[in-house]
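Peer 1: These are the residues of each chain, in order.
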Amino acid sequence: MSGFGQLRLEGVGRRFGTADALAGLDLTIERGEFIALLGPSGCGKSTALNCLAGLLPLTAGSIWQDDQRIDTLPPEKRGFGMVFQNYALFPHLTVRDNIAFGLRMRRLPKDEVRRRTTAAIEMVRLEEHASKLPGQLSGGQQQRVAIARATVLEPSLVLMDEPLSNLDAKLRLEMRTEIRRLHQSLGLTTVYVTHDQEEALSMADRLVVMREGRVQQIGTPEEVHTTPTTWHVADFMGYRNLLPLAAQSVAGEVVTVPIGGTTIDGVAQGTVAAGEDVVVAVRPEDVKLGNEGLKGLVEVVEYQGRELAVEVVLEDGTRLHARTERKVQAGESVSVAIDPSRLLVYASDRPAAELVTAGLAV
Amino acid sequence: MSGFGQLRLEGVGRRFGTADALAGLDLTIERGEFIALLGPSGCGKSTALNCLAGLLPLTAGSIWQDDQRIDTLPPEKRGFGMVFQNYALFPHLTVRDNIAFGLRMRRLPKDEVRRRTTAAIEMVRLEEHASKLPGQLSGGQQQRVAIARATVLEPSLVLMDEPLSNLDAKLRLEMRTEIRRLHQSLGLTTVYVTHDQEEALSMADRLVVMREGRVQQIGTPEEVHTTPTTWHVADFMGYRNLLPLAAQSVAGEVVTVPIGGTTIDGVAQGTVAAGEDVVVAVRPEDVKLGNEGLKGLVEVVEYQGRELAVEVVLEDGTRLHARTERKVQAGESVSVAIDPSRLLVYASDRPAAELVTAGLAV
Amino acid sequence: APTSPNQSSGDSSGDAPDKPSKAVTLNILDVAGNLQLTQPMIDDFVKQHSDVISKVTYSKGPAPELSGKIKAQQDAGRVDIDLVLTGTDGLAAGAEQGLWMDLLPKYADRLPGMKDYLEPAAKMQGLAGNVGVTVTYYPSGPLLEYLPAKVPTPPKSAEELLAFAKANKGKVMYARPANSGPGRTFLMGLPYILGDKDPKDPVNGWDKTWAYLKELNQYVDFYPSGTADTMKALANGSASIIASTTGWDINPRVLGAVPKEAAITPLKGFHWVTDAHYAVVPKGVSTDKQAAILQLLQFMLTPEQQAKAYDKGYFYPGPAIKGVDLSKAPQESQDAITEFGRPEYDKLIADNPNEVPLDAKALVAAFDKWDREVGGSKVKKS
Amino acid sequence: MSTRALKATPTAWLIWAVVVFFFVNLAGVVGSVLVSSFGRRWFDTWVPDGFTTQWYGDAWHEFGLLQVISVTLIASGLVVVLSVLVGAPAAYVLARQNFPGKRLVYLTFLLPILMPPITYGIPLATVLYKFGFAGHLSGVVLANLVPSVPFVILTMTPFIEQVDPKIESAARMLGANTRAVFLRILAPLLVPGLLASAILVLVRTVGMFELTFLTAGPDSQTLVVALYYSMSAAGIRAQQSVDAMAVMYTAMMLVLLVVALRFVNPTQLVARVKEEPE
Amino acid sequence: MSQTASWQHRLAERGVDRRLWLLLPATVFVLLLFIYPFLYGLSLSFQPLKGGGALANYQKFFNDAYQRDTIATTLKIALPAALLNVLAAVPIAFRMRGRFRGKRLLTTVLVVPITLGTVLTAQGLLNYLGPTGWFNRILMAVHLIDDPIRLTNNYWGVFFSLIITGFPFAFLLVLSYLSGIDPTLERAAATLGASRAQRFRRITLPLLAPGLATTFLLTFVLAFSVFPSAVLVGNPAGSTRVISLAAYQAAYEQYDYAYASAIAMIMGVVELVVVAIVLLWRSRLYTGSTGGKG
Ligand SMILES: Nc1ncnc2c1ncn2[C@@H]1O[C@H](COP(=O)(O)OP(=O)(O)OP(=O)(O)O)[C@@H](O)[C@H]1O
Ligand SMILES: Nc1ncnc2c1ncn2[C@@H]1O[C@H](COP(=O)(O)OP(=O)(O)OP(=O)(O)O)[C@@H](O)[C@H]1O
Ligand SMILES: [Mg+2]
Ligand SMILES: [Mg+2]
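First to last, the sequence lines map onto chains B, H, Y, R and U.
So for the first sequence, my numbering puts the first residue at 1; every next one is plus one.
So for the second sequence, my numbering puts the first residue at 1; every next one is plus one.
So for the third sequence, my numbering puts the first residue at 1; every next one is plus one.
So for the fourth sequence, my numbering puts the first residue at 1; every next one is plus one.
So for the fifth sequence, my numbering puts the first residue at 1; every next one is plus one.
Hints may be right or wrong, so weigh each one.
[As the list claims (entries may be wrong)] Derived list of chain U stretches under chain B, where covered just means 3 residues or more per stretch with a C-beta under 8 Å from a C-beta of chain B: (1) 51-63; (2) 178-189; (3) 279-289.
[Said to hold, decoys possible] Lysine-lysine pairs mimicking DSS-like chemistry, simulated, CA-CA at most 27 Å apart: (4) Y:Lys-208 x Y:Lys-169; (5) H:Lys-288 x B:Lys-170; (6) H:Lys-288 x B:Lys-288; (7) Y:Lys-214 x U:Lys-60; (8) B:Lys-132 x R:Lys-102; (9) Y:Lys-200 x U:Lys-60; (10) Y:Lys-283 x Y:Lys-268; (11) B:Lys-327 x H:Lys-170; (12) U:Lys-50 x Y:Lys-200; (13) H:Lys-327 x B:Lys-288; (14) Y:Lys-283 x U:Lys-50.
[To be verified] Computed spacing ranges between beta-carbons, pair by pair: (15) R:Arg-40 x Y:Asp-351: 34 to 42 Å; (16) H:Asn-291 x B:Glu-299: 33 to 41 Å; (17) H:Glu-128 x B:Thr-220: 52 to 60 Å; (18) H:Asp-339 x B:Val-313: 28 to 36 Å; (19) Y:Pro-303 x R:Lys-130: 40 to 48 Å; (20) Y:Asp-15 x U:Leu-32: 36 to 44 Å.
Just so you know, these hints were derived from the structure itself, not from any lab.
Note that the structure is a prediction, hence the values are computed from the model and not measured.
Every residue, glycine too, gets a C-beta built ideally from N, C-alpha and C.
Just chain B, same shape as in the assembly:
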């Protein structure tokens, strides 16, 4: 069952009781792709992964591997590898035996099992802990065992559910590289669930952004990062400044919106008509503190390593998140400028009042 041309999910859905945890997922995964599933907590990422792995029966749709329908196959027949979000390590087996498990199931020769297991243990830096039981490991160590266990098999498709969430930045970077390296050198196909956009952006060939069980956007990292298709995606992709406003005028792609007592321009995403409620999205990094532009007062300053995260209150009370390397202090008055090409304007799907209560900045 190893090696396939493409994997097609057609209208895949999974319902728990009356709630759809996943609905109408259409996705074609090409061989060798690295796909990241991204989305807020509870949006159905793990559910999608479990459906793909065959661990949760579908309640709608089908899954095809080339011309073969596989959603009726039991997990062990699909030959996919999986890293579970809660690790699911075998508590009675040592680290080494956990990792060797899959190899043994394939009845590989002892020597090869030993060799490959040892290599995998080295990859995840657990040499010293190889003969411990999972209960004796730290959280990050357990996570690494789970990664090694799934990848040592070099399966045709690897499913990873937040495999790096418990690792520190340095190790995470290293593991990222390692996973990409494995992906490439073994020609694997990978579906990767993460909550970390940066991880998704830097690792994946394509991103699938989900929300409440439904796909919001599928695209390359750059597409998703620079031109989110909905303000929800924008929200999720780090456009911390989301302002419910009304479009003052629309000229082609350029939309003018009123803010801080004046107006600024932005780029329409989708169709936007003058006078309509819109949501304006901009990243804190694109709100530049300078000497001209919208005037406001610095309210909150947070130290974040090299940069400061700053909250600026404009004259009309609008709050903007910004990032700067300048050492500003709370109470200082500053001006902020926004590059119109970085200011995205979306037609609002809800009345402004609702958006305000939904937590959008005002």
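Knowing the structure of chain B, use the given hints to seat chains H, Y, R and U with the ligands on it.
Peer 2: Leaving out everything else, chains H, Y, R and U with the ligands in the frame of chain B:
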């Protein structure tokens, strides 16, 4: 037992079999402080937290709360709150009951229990899931339940073990703010374990950086971030460029080291003597791509949202990680410059050869 | 510690007064099924002499564990069983361990009824030594029981029985003697029938008996662990001839466990191996209660009361004393015996000698030998 | 979701066939006793000649079964509750902790199960009589606790081992003392185990003849004593009356069991917690 | 202060802490009500009724083949019965996981035989499997056999009664132990390519093993002390003359408590040997959280 002036850990240690998971931890926590424990996976952070909580008996040292020795008290007598790394939710209780558990243990009036529980559920945005069992929640939802459960009690000391590791960036930011808000408004004292430096830097009053069961550095976020005391801390704090070199000359604090066919200056951290082996540390953000400086070729380019992560190979083969907003491409030849004040030089604690195998860049 | 309302109160040493200082409550433990015969007598006494015994609580239990229980109570100095109704086994077990109080000859004068024992009952009283008082008696067996429809010509002698068994493998049945009255009666009766050297010495004196049983064993499939099973086998036809006794002949037919038509036959030259039930008093019972018990026992030994022992043929005939006619028995009892009893019993009882059973030690030895050499040999065979 | 029982492999068929065979024969075993207990007389036929409830009535009066059954229920109920209360904490320690002398302690708890009551029954009864417990319900209960407590310990230990200690830690951090941890956290999670061992103890207690007989007084006899008496006492007793006693004994146990299973299903809890997706 | 502290630390390392107090009630209870009576019984066994040195009772037992053989007889009944009970319980319990209609009913029905008690079982076996019982009748009616087959009053009668009374126990325990194992683990194994059988053998079985060991012990102990059924449906003089019957006879037929104690002690020791082997095996197994409960 609520409210205390300070908490003192004196030589606290915990041994598993023959291995010290934690050794000689001395730390004084003042009331109202927000302390972050930071360090690579398996360094003993969770162990330290468990010892503080009373869940693991110490095998060395003692813990004092003002003048009272508390390391002999059982956990329920200490009145601390804790968020567990693997959540440890009660599988048989609903989200609501999980959160209400502690309040019920204090025999608070029913009304108050209901009120506070509801507020906590709102805080972690789980209104819709309040009557689910933990087994029916997504990973991030479980983690939020764990946070709500521990903080709803407003304990004098809150211990959190990577409470946000399974949340997406947006929610993580929100929860960070929420946790800080709780910390401040309730006057809590918080010990917070995280693997995320940024989180630690932005939230904590003081950081404790650990390595292999021992404390490496204790200091404010700025201290730890800008002047790590050892290269291990630097390594962990995101100084991705660590170069084992030999000091050419030392003049006061300024150390000159040879690199890429030429020499550059850096700041000595601790005593460094000319001719000695040193480790030079610099962050990718402080390696500026420009038109002058060390010459090299761009080798790897990784898209990371606004910026690119770039690997530059200098003429002598040294690899430097850099970040840039410039759209460079692999193969391009570039120059890099490093601000001497951002180049930290440490006396090496191991022979260069060992450092190379330890994974330091060359 | 809670105190027992039934615990024996007062002194247990010294002489029993004629009458208890105030009415006592008696705890009676029956380990022989004797209450079936005697409970009406006791209830009658309580009714008539409530100034002596105000209340009786009955409990029933199997015999073997009895001595353990009494021993435990006596070791702890708190005896709360005042009167035990037992067969020869329980009697002997307790006597050997010195659990029973000597009622005789000390109080013989208070139990004048004992003078009227039937002759074989008096012999049975001999087994009780000084501790027990015989309350009911029956001649027992050994008898053979069969269904005339299936066995038109029943064996009349030991040889014929053997021949029958040989011809009808598995159809002759008796229960393991240690667990069965008819089984042990058959065992103890055989030495008389076969003319063994010393019918009282199973180890050295029963050569013929053991040889006979071993031979018979070849034609026996298995030995059930209770008489009831043999009765059932007879009733459903899986056995044709089983060992029985007078009581086991009449009562099961009354109860419907065995077809009414079943018949009995003795073997040529048999002696009755008699059986009886005894009343014994554990050491440690207070003198007040002793007094009450003595009055009760004397009451039970009167002919009017003894007539109740006819029951429904359970221990046929039952009374231990002379001159108790069936006509004095309760009507119910008379009816049952008229219908299911056998007129030939009178003659059989009158014409055949009576023998007391083996004493406890010899009996145990006999059981042991039977288990090892007869019953146990089945292992090697199958 | 299809029901699993239908998706049967050959092994599944085999297993179900064995189960069915077992049940058919079991029904035969139970049924034959039941039928017999109502049979007027039953000789060489498929069913008895006639039916009657006489045997039940007889047994009921002969032994005063109302009292006997209520004593049995109370005594066994007490034994179950007490042995769980005493045994479960000990099982907890044995499951969770390694301490010096653990093996010795374990052996001590094993012995009462291994040793037949013959070895200790009489001296135990003596002790209980000495302190005035025996001869009453309390004596019966205490004596029966001797094998029951170890039984609870032995059955509960693996169950407790299965529970993640982190869960308990979490409860303690929330201010639960040992009692609350037991009542609010462990007990609900251990329901299947508690139920299993409670039923085990119940069955053993109701069926424990020897210790009960040795320590019971006239007003604290239990059903099993009556049953053994009816079965093995010298004297004549119709087969059917023993059957009737046995049926009553079983009926009583059955009621207890069904009541127990009404409230808790041994597998329901964890199934609820961690859903099996198939 | 530091003295006590280091003392405490040392204890902590070895696992001694205040939780040990929870052992107290059970320990006190067993010491008070069991150890003394037991020692009394033990000492009794060294005081033979008929004199002849402390070990006379034991010598008597081992010198008498008729008595000695009871050990083998008992093991021959108890070991297979206990083993069969546990082994049969596993696949059935395994099938009973998950959800399906009628599960609760089936569970209840499987557990019901627990309530039967020895006597009813024995009576039922005698009635049902006896020569004129329904079982033989049916077999004869369909002409499978011509003469009734003997299934009672021999080894098989006892064996069946041990199955009927022992299996529900084993089933109940195994089912409960099984329910405590996290099904996710099996799923993880499935993604690693383990087939149904392999998942069972490599994951479920090892996690279940400690429970199985305990279940085996309990059913074995029950089977080993089989007594009433050995008498009622067995052949107590022969092929089912179990050791407890020997002890019973010594105590209650021969009233030689000392000898009975000795036999019972021997019985305990034999059991202990089996139990120790099983426990030793169990102690080498993994016995920790199995994920199912948190
Ligand atoms: N019960 C145990 N037996 C043996 N070793 C243990 C045990 N528990 C923890 N350890 C070891 O102690 C060390 C510290 O573990 P700890 O859980 O404190 O790490 P951590 O800093 O929390 O790591 P992470 O960030 O990965 O959670 C680890 O190497 C771990 O393997
Ligand atoms: N067994 C279940 N019963 C009911 N609801 C469930 C069940 N399992 C999951 N859900 C719900 O389905 C939704 C999707 O869950 P899923 O685990 O796929 O989320 P996720 O995207 O992986 O989130 P996270 O990033 O927090 O892990 C959640 O709202 C969750 O509460
Ligand atoms: Mg998830
Ligand atoms: Mg940790």
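Peer 1: Could you grab the alpha-carbon distance between Lys-50 of chain U and Lys-200 of chain Y and see if it respects the 27 Å cut-off?
Peer 2: Holds: Lys-50 of chain U and Lys-200 of chain Y sit about 23 Å apart, inside 27 Å.
Peer 1: Checking one constraint from the list: CA of Lys-200 of chain Y to CA of Lys-60 of chain U, max 27 Å. Satisfied?
Peer 2: Holds, because 26 Å separates the two Cα atoms, which is no more than 27 Å.
Peer 1: Going straight from one Cα to the other, do Lys-327 of chain B and Lys-170 of chain H come out at no more than 27 Å?
Peer 2: Roughly 25 Å separates the two Cα atoms, so the pair holds.
Peer 1: CB of Asp-339 of chain H to CB of Val-313 of chain B, is that within 28 to 36 Å?
Peer 2: holds (33 Å)
Peer 1: Counting residues of the segment 178-189 of chain U with a beta carbon closer than 8 Å to any beta carbon of chain B, are there 3 or more?
Peer 2: holds (count 6)
Peer 1: For Lys-214 of chain Y and Lys-60 of chain U, compute the direct alpha-carbon distance and say whether it is at most 27 Å.
Peer 2: holds (26 Å)
Peer 1: For the segment 51-63 of chain U, do three or more residues have a beta carbon lying closer than 8 Å to a beta carbon of chain B?
Peer 2: Check failed, 0 qualifying residues.
Peer 1: CB of Glu-128 of chain H to CB of Thr-220 of chain B, is that within 52 to 60 Å?
Peer 2: violated (33 Å)
Peer 1: Given the hint of 33 to 41 Å, is the C-beta distance from Asn-291 of chain H to Glu-299 of chain B inside that range or not?
Peer 2: holds (39 Å)
Peer 1: Do the beta carbons of Arg-40 of chain R and Asp-351 of chain Y sit within 34 to 42 Å of each other?
Peer 2: holds (36 Å)
Peer 1: Does Lys-288 of chain H pair with Lys-288 of chain B here, judged by a C-alpha cut-off of 27 Å?
Peer 2: holds (20 Å)
Peer 1: Decide if the proposed pair is consistent with the structure: Lys-283 of chain Y and Lys-268 of chain Y, CA atoms, cutoff 27 Å inclusive.
Peer 2: This hinted pair is violated, its Cα atoms lying about 45 Å apart.
Checked against the numbered hints above, the structure violates hints 1, 10, 17; every other hint is satisfied.
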